[in-house]
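> Chain by chain, the residues run as shown.
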Amino acid sequence: MSNPYAKLPAWVEYGLVPLINLAVAFLVAGLVVLLVGENPFEAAYHLINGAFGRGEYIGFTLYYATTFIFTGLAVAVAFHAGLFNIGGEGQAYVGGIGVALACLWLDQTMPWFVVFPLAIIGSAAFGAAWAFLPGWLQAKRGSHIVITTIMFNFIASSLMVYLLTRVLKPLGSMSPQTRTFAEGGQLPKLDWLLAIFGLDIGTAPFNVSFLLALVAALGVWLLIWRTKLGYEMRTMGHSPSAARYAGMSESRITVITMMISGALAGMMALNPIMGEQGRMQLDFVQGAGFVGIAVALMGRSHPAGIIPAAVLFGVLYQGGAEISFEMPSISRDMIVIIQGLVILFAGALENMFRPAITRLFSTSSRRAAVVAQTKGA
Amino acid sequence: MDSIAIELRGIDKSFGPVHANKNINLKVRKGTIHGVIGENGAGKSTLMSILYGFYQADSGEIHVDGKHISIRDPNAAIAAGIGMVHQHFMLVENFTVLENVMLGAEENQILNKGIAKARVELKRLEREYALEVNPDAVIEELPVGLQQRVEILKALYRRADILILDEPTGVLTPAEADHLFRVLEQLKSQGKTIILITHKLREIMAITDEVSVMRRGEMVATRTTAETSVEELAELMVGRRVLLRVEKGEAKPGDVRLSVDGLTVKDSRGVTMVDNVSFNLRAGEIVGIAGVAGNGQSELLEAISGIRRAVSGNVSLNGKAIDVTGHVDPKALRDRGLAHVPEDRHHVGLVLKFEECENAILGYHHDKRYLNGVFLNVDAIRRDAEQRIAEYDIRPPNARLKTANFSGGNQQKIVLAREMERGPDVLIIGQPTRGVDVGAIEFIHKRIIEMRDQGKAVLLVSVELDEIRALSDRILVMFAGRVVGERDPDATEGELGLLMAGVEGRKEAAE
Numbered sequence: 001m002s003n004p005y006a007k008l009p010a011w012v013e014y015g016l017v018p019l020i021n022l023a024v025a026f027l028v029a030g031l032v033v034l035l036v037g038e039n040p041f042e043a044a045y046h047l048i049n050g051a052f053g054r055g056e057y058i059g060f061t062l063y064y065a066t067t068f069i070f071t072g073l074a075v076a077v078a079f080h081a082g083l084f085n086i087g088g089e090g091q092a093y094v095g096g097i098g099v100a101l102a103c104l105w106l107d108q109t110m111p112w113f114v115v116f117p118l119a120i121i122g123s124a125a126f127g128a129a130w131a132f133l134p135g136w137l138q139a140k141r142g143s144h145i146v147i148t149t150i151m152f153n154f155i156a157s158s159l160m161v162y163l164l165t166r167v168l169k170p171l172g173s174m175s176p177q178t179r180t181f182a183e184g185g186q187l188p189k190l191d192w193l194l195a196i197f198g199l200d201i202g203t204a205p206f207n208v209s210f211l212l213a214l215v216a217a218l219g220v221w222l223l224i225w226r227t228k229l230g231y232e233m234r235t236m237g238h239s240p241s242a243a244r245y246a247g248m249s250e251s252r253i254t255v256i257t258m259m260i261s262g263a264l265a266g267m268m269a270l271n272p273i274m275g276e277q278g279r280m281q282l283d284f285v286q287g288a289g290f291v292g293i294a295v296a297l298m299g300r301s302h303p304a305g306i307i308p309a310a311v312l313f314g315v316l317y318q319g320g321a322e323i324s325f326e327m328p329s330i331s332r333d334m335i336v337i338i339q340g341l342v343i344l345f346a347g348a349l350e351n352m353f354r355p356a357i358t359r360l361f362s363t364s365s366r367r368a369a370v371v372a373q374t375k376g377a
Numbered sequence: 001m002d003s004i005a006i007e008l009r010g011i012d013k014s015f016g017p018v019h020a021n022k023n024i025n026l027k028v029r030k031g032t033i034h035g036v037i038g039e040n041g042a043g044k045s046t047l048m049s050i051l052y053g054f055y056q057a058d059s060g061e062i063h064v065d066g067k068h069i070s071i072r073d074p075n076a077a078i079a080a081g082i083g084m085v086h087q088h089f090m091l092v093e094n095f096t097v098l099e100n101v102m103l104g105a106e107e108n109q110i111l112n113k114g115i116a117k118a119r120v121e122l123k124r125l126e127r128e129y130a131l132e133v134n135p136d137a138v139i140e141e142l143p144v145g146l147q148q149r150v151e152i153l154k155a156l157y158r159r160a161d162i163l164i165l166d167e168p169t170g171v172l173t174p175a176e177a178d179h180l181f182r183v184l185e186q187l188k189s190q191g192k193t194i195i196l197i198t199h200k201l202r203e204i205m206a207i208t209d210e211v212s213v214m215r216r217g218e219m220v221a222t223r224t225t226a227e228t229s230v231e232e233l234a235e236l237m238v239g240r241r242v243l244l245r246v247e248k249g250e251a252k253p254g255d256v257r258l259s260v261d262g263l264t265v266k267d268s269r270g271v272t273m274v275d276n277v278s279f280n281l282r283a284g285e286i287v288g289i290a291g292v293a294g295n296g297q298s299e300l301l302e303a304i305s306g307i308r309r310a311v312s313g314n315v316s317l318n319g320k321a322i323d324v325t326g327h328v329d330p331k332a333l334r335d336r337g338l339a340h341v342p343e344d345r346h347h348v349g350l351v352l353k354f355e356e357c358e359n360a361i362l363g364y365h366h367d368k369r370y371l372n373g374v375f376l377n378v379d380a381i382r383r384d385a386e387q388r389i390a391e392y393d394i395r396p397p398n399a400r401l402k403t404a405n406f407s408g409g410n411q412q413k414i415v416l417a418r419e420m421e422r423g424p425d426v427l428i429i430g431q432p433t434r435g436v437d438v439g440a441i442e443f444i445h446k447r448i449i450e451m452r453d454q455g456k457a458v459l460l461v462s463v464e465l466d467e468i469r470a471l472s473d474r475i476l477v478m479f480a481g482r483v484v485g486e487r488d489p490d491a492t493e494g495e496l497g498l499l500m501a502g503v504e505g506r507k508e509a510a511e
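Chains A and B, in that order, give the protein sequences.
Residues in the first sequence are numbered from 1 upward in steps of one, following this note's numbering.
Residues in the second sequence are numbered from 1 upward in steps of one, following this note's numbering.
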């Protein structure tokens, strides 16, 4: 029931423990690099340099982070209500339809700040609709959301292939994508934001949807901890029987939570479609929905944790691309391994080092005098 | 001169800042039944866990039969002849009795030899200690009393000479408890040593030879049972004089507040749990529902409070019908003046991971005073919570502390404060003092009687017969889902016990 481990100071709980987990993940990743026959320190240099070395690199890192903030928030919102939404991938994919429709409709006649709000609404609406069905099926039919959302990812994928090869593709084009949007369908870059710090954005697609992601993070915090709906969601997440006792409708909360989660996932589509490519392509989500699960886990489902976790994964994506560019014997798959290790140590094995750390802190605080004599301290 | 079976010397154990056992000394004489009593959190379970090897003491020595030994894990405890019967049974529900008994002592990878040996040994134990149980019965099909017997057999099968029983009667009927005590007497006469951990003073008086009292991690006294009294033990446990029975005046029953007519409830498997139950609850009276756990009391409470849908029957609150067979909304019932203190505060009445103030509005979070539009009015919520904490003496007085960090008694006060403070017409209370220490019991009982004296109607369900008799103005006894009798609170325990066991009830119902 209650936490089996003694309570640790906040800086240890939220600072030291994740840092140790991260360090171990990198250590093991370093061993793998060594195994491939490359210098792990060189790889680490390229990772860090590739993520932060230039204004352009930072722009790319934050561009990826933007995507992961949206999908991380989506997973976190569902977590709070005790729902495991694995369908962020599909919801983001379908959310793209909303973005594309808004852009295709108005990009030639309206400026971006008119199209953007409509695209936000469109992406959220399509994402929410795609999450509504699994939510409704769980609430009314008891079909488990983990199963249905996974299946809905595949359905989304097939649906998008159909739409992008038959319906949304311009006539005569050979590639499965919409036409390129005019200026009204492209988001301005945040070059001025980086310029404040004296950085040059270069070709990086870091755009205003980053600000939207920050607003969404604040919104999620308000929703979860400051609204009646959030209170009901958390009650259900911790104890469905207490929610029933308190007169909360389980099916209503399930459906609403899934729709909010899907809307957040759907908004992810704004970043690549309007912010980078200026069109909707096949497979534009590229696994971001699944990375969102790791981001939410690492960030403890709290917006204040999700943002740094999203940046970390942004670093891994951007810096990882640089590694494979600079060190050809390390392929992109290597990056996936490093990401996997981070997820493994920060998520799944989160409690591995906790008992030792707890012991260290309880003994050091309680009997500082005896520590010198005890074995191994 | 009796020899000493177990001696603990200077046992000390801390969990972080919590000093659970402080320099504990205890001697248990061979061939006796030794009681260990204390309030919740006094350190009894920690001490026994150290003896059974679940925890290691920070300092101190354990001597068994005069030899200083170290008990690193339960295997070492078993090797030293110590067996433990846990409060929550450690049985594999879908295994047979035989399989459970030999679990962990199989001896061989291929089981058939071990099974044959275990069967013979089990027969011998049954004969020797009068512990009959069918070795091929599946655990989940056995009544609780027999499951406990299997736990005892498990310990004996491992050649335990010293048996530790942790709160063994919590789940038993009075008759089953009596039977258990006879088994313990039998074991004692065969030379076994028994340590009985309990918070029920009556059991201590009935069966033990000696009793040790723990309070706040310390062993405060050891007495020969024949030379002490319930009052003395209670005072030792709490550290001050306690009223074991709260004073209460005559009830002045008024109008019918809650009327239940022909209520029938089935569980998810379709088994009838509440069978055609009817009664009235009036303003200014406490009606107690006695019965062994699992005889439909829980389902009755759930149906009345709108958590569980009934199959048939009529319930009306303040003269207006509640649609118990259709969609009932607990929120609507709260608005109509029904408050409910659920039996299971850990999973139903509270969200343990919430801050105290968040639990103080559970179910009342629709209340306008706690909302600003869709947002929570955090200031109002905390202010109200702090006020309740002061009124109900909830400790520690911190509205932002996680609820799991409060003791059982204080958690229960959080629920009671929430449900009583709004002055409901009807208050339904399940197990008001389960897992609550003696000091808080007195407080809770007083509050319940205060509610009655203010003219509220109180429906009380408890498996503690003493509590039912102390508080109720009328007692209904439930057995197998039916109300099998109504008695005055001064009915004898034996009379109620027979009704609870379904013996008397069948005759009465037949008449």
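The hints are simulated quantities; they were obtained by calculation from the structure and are not laboratory data.
Fair warning: this is a prediction, and the values are worked out from it, not measured in the lab.
Some hints could be false.
[As the list claims (entries may be wrong)] Computed cross-link-like contacts, EDC-like style, restricted to lysine to aspartate or glutamate with a CA-CA straight-line distance of at most 20 Å:
| # | chain 1 | residue 1 | chain 2 | residue 2 |
| --- | --- | --- | --- | --- |
| 1 | B | K248 | B | E99 |
| 2 | A | K228 | B | D335 |
| 3 | A | K228 | B | E107 |
| 4 | A | K228 | B | D367 |
| 5 | B | K353 | A | E13 |
> For each hint, tell me whether it holds in the structure or not.
Okay, the hints, checked on the actual structure:
1. K248(B) <-> E99(B): violated, 52 Å
2. K228(A) <-> D335(B): Roughly 18 Å between the alpha carbons, so the hint for K228(A) and D335(B) holds.
3. K228(A) <-> E107(B): violated, 58 Å
4. K228(A) <-> D367(B): It holds: about 10 Å lies between the C-alpha atoms, which stays within 20 Å.
5. K353(B) <-> E13(A): With Cα atoms ~16 Å apart, K353(B) and E13(A) stay inside 20 Å; holds.
Violated hints, in rising order: 1 and 3; the structure is consistent with all others.
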